[in-house]
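Fit chain F to the given chain X structure using the hints.
Residue numbers (UniProt numbering), protein chains in the order written: chain X, 1 to 371; chain F, 1 to 259.
Since the hints were derived computationally from the structure, they do not count as laboratory data. All values reported here derive from a predicted model rather than from experimental measurement. Treat the hints with caution; some may be incorrect.
[As the list claims (entries may be wrong)] List time: in silico DSBU-like cross-link candidates among lysine-lysine, alpha-carbon distance up to 30 Å:
#	chain 1	residue 1	chain 2	residue 2
1	X	Lys266	F	Lys128
2	F	Lys248	X	Lys260
3	F	Lys248	F	Lys231
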Amino acid sequence: MPQLTTTSPAPVKRNSLTKNQLPGWANWAVLAGSLILGAALSTLIGFNVIAWALISAALFVIAGYFVTLSVEGGRKAKDRFVTNIIVAAFIVALLPLVSVIWTVLAKGIPGLSMGFLTTSMNGMTGAVDNASVQNGTEVLGGAYHAIVGTVLITLWATIISVPIGLLAAVYLVEYSKGGALSRAITFFVDVMTGIPSIVAGLFAAAFFGLMFGPGTRTGFIAAVALTVLMIPVVIRSTEEMLKIVPNELREAAYALGVRKWRTIIKVVVPTAISGIASGVTLAIARVIGETAPILVTAGFVNSINWNVFSGWMATLPTFIYRQLMNPTSPTNVDPSAQRAWAAALILIVFVMLLNLIARLIARIFAPKTGR
Amino acid sequence: MSKRIDVNDLNVYYGNFLAVEGVNINIEPKSVTAFIGPSGCGKSTFLRTLNRMHEVLPGARVEGEVLLDGENLYGQGVDPVTVRSQIGMVFQRPNPFPTMSIRDNVLAGVKLNNKRMSKSDADALVEKSLTGANLWNEVKDRLDKPGSGLSGGQQQRLCIARAIAVKPEVILMDEPCSALDPISTLAIEDLIEELKNEYTVVIVTHNMQQAARVSDKTAFFNIAGTGKPGKLIEYNETGLIFSNPQEKATEDYVSGRFG
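Extracted from the complex, chain F is given alone in its bound form:
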């Protein structure tokens, strides 16, 4: 239930503007990979290209290839919807569907696609997903209440439960803790540790301590200046990135000398 991702020479554009240039990266299955770097360096943009969410924005396109277990996401005739059902995503701000109950939010991926499912299967899936997101004990007595009534941290875990309910191979997280308090952040980080056992996890974070705590490998992105494209500067074991970076820019960033 997890696949590797290999990116070869990927250029990401917004219209004619080259936002991210020449990324090569190999992400191992069942691992946590963190993307760090200053704001605007293209790490979120790059993350969104990994499940073809990037092209939802008008004028956005990519060049190069992204291989999911050897199959190119951007190959001829690939349906982005199929890609997204295999590569789930959790966003910066918790975004449960306001018209749905907690239960329906978890089942959203199934229900919105009109797949038939027996009630007992649905109940089992809800419990499994919410348990997987460490939320089951908090909400099991109010599954029919609206998801928007939960706290921010609970909403974010609900969004994670919603993402894992469609049984993806890879989970992308775009700064999942930046809108949360430290306690909720801790809950999400514990959850990422568990998710690693089943899924390939890629997380964008502004918090270097968080990257150091949760990730196996870390990629540092940087930008030469405003209007210049973002680039992958260094990608290595997390321990090495923080203790013995090979690049000067990485060292400056992780030691807090800039950014």
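So here's chain X without its partners, still in its complex pose:
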């Protein structure tokens, strides 16, 4: 029979290596203490959430420093202090973004419906809006024409600016040998990046005004105005991407007896294509929200226009602008405001989709490293 031995529980021996370390929950305890104390202090001056958050945050940063200082020492205390400051900065930077998304979602979702997506503002008068407010019925009219305009104008801007931007970047990286021309291009691209968008719009309007008579406004002119804004972004991002293609790959292709232009098309550009594609997508996302250049080049309409080469066009940003500044019914502005918020939501969804597509493209085209 095995002998029974009673083992007394081993004395809890603290690992000497964990000496002078705060336990994991200490930070949360400090946070809870700061929140409680912050609530108390803010009540003294009349309670409101913002004061509570600010006082608690300040208390948390100060208390965290001194608690860590007393147990872990000066170096860790400084580390804790700076960490807390950085987290605070991060939260402050994120607040406006979250707030914008929250506001647009809250105000835009009520206006979204199949009707909003599939009808234009054609025939919508103040009387219709007044009636829908008085009878409490659904707001009629929609942004279909603006969605069509946004898609078409952005598409044409992309069709024009991507080849120009791509080829210019290929010239800068592969062919120019740092000569005067390439330095001039780089300089003007930098200048173009800073052009205010309304100036680009005025340029396109004036240029086509000279050719087709003053006051000519079409979607295509708007696309040209956006092109002026897009090209520098495309050149810049493509240039950076082509520059990081290792020279060894070019030399490997040359050593196989491949011509330079083939090397560029078949080796250099495919290696960089994921970065180029995401750069292009981000450039599109940048111009899709432009308002001013569209107003001066494409004008504004309430009806659907599929033809970018004739007739005025509306886009989502100009639609939002008109609905807010010139409500359909001057006496009942709520239906117009609701339409503007719904259009803003659609625009944000567009931009987010473009960003997702950029990530997807980058992942699909990225050089593979599997085994």
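For chain F alone, coordinates are given in the frame of chain X:
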């Protein structure tokens, strides 16, 4: 399928800087020639002039002539692309194309030039080239996987397979083993022994034992000092260079007295 190279009074420049001066050398077909010498003495620069890769760098140029079976590479109207398709090159660091599969990497020289090739011909070429580079058995089951997924030594052999797939006359190797472990180095050295049967091979190496192991003839390059041009000091049978060098500088270098 192999040609001789004769170099007459070649000066190599980077802009106005004379990097290599007055090289005269005759490289026999179907032989392995090793270039040895201290860093910066111009042996890689000189190697790159043999298939006109030197002039890819801005401002780089040469004077003198390089004859491939009697035809001057630097003659009037010679297309460097034609030269490079006859004289292949393997680089110091393995550089398979990251966007291509192993199969496409081998076929790169054909595909990038848009030459039409039937699938069966392409398959045969892939197998022949990879077999020639001693890589076929290791990769035959994953030809469609990316070339960058191979080990460093395998990548370098893939680059050799890629170079021999375009059926060159001469293969230049610029320190092909310096980024590899001893086992992969051994595999490449065995491969160089086999390549000698079909091609003229020129190899730059920092490793004197490697030069002694693989080469038939060895050329020793040296530099008088910083800013001075590199020169070909001695060129002879490998055995003689290592056992009975004629020049004092060569003897000092191969016996490890400097460098």
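Lys248/F and Lys231/F were given as a pair; does the straight-line alpha-carbon distance stay at or below 30 Å? It holds: about 14 Å lies between the C-alpha atoms, which stays within 30 Å.
Is the Cα-Cα distance between Lys266/X and Lys128/F 30 Å or less? holds, 24 Å
Under the criterion that the straight-line Cα-Cα distance not exceed 30 Å, is the pair Lys248/F, Lys260/X satisfied? Measuring from Cα to Cα gives roughly 45 Å; hence the hint is violated.
Going through the hint list in order, the structure does not satisfy hint 2, though it satisfies all others.
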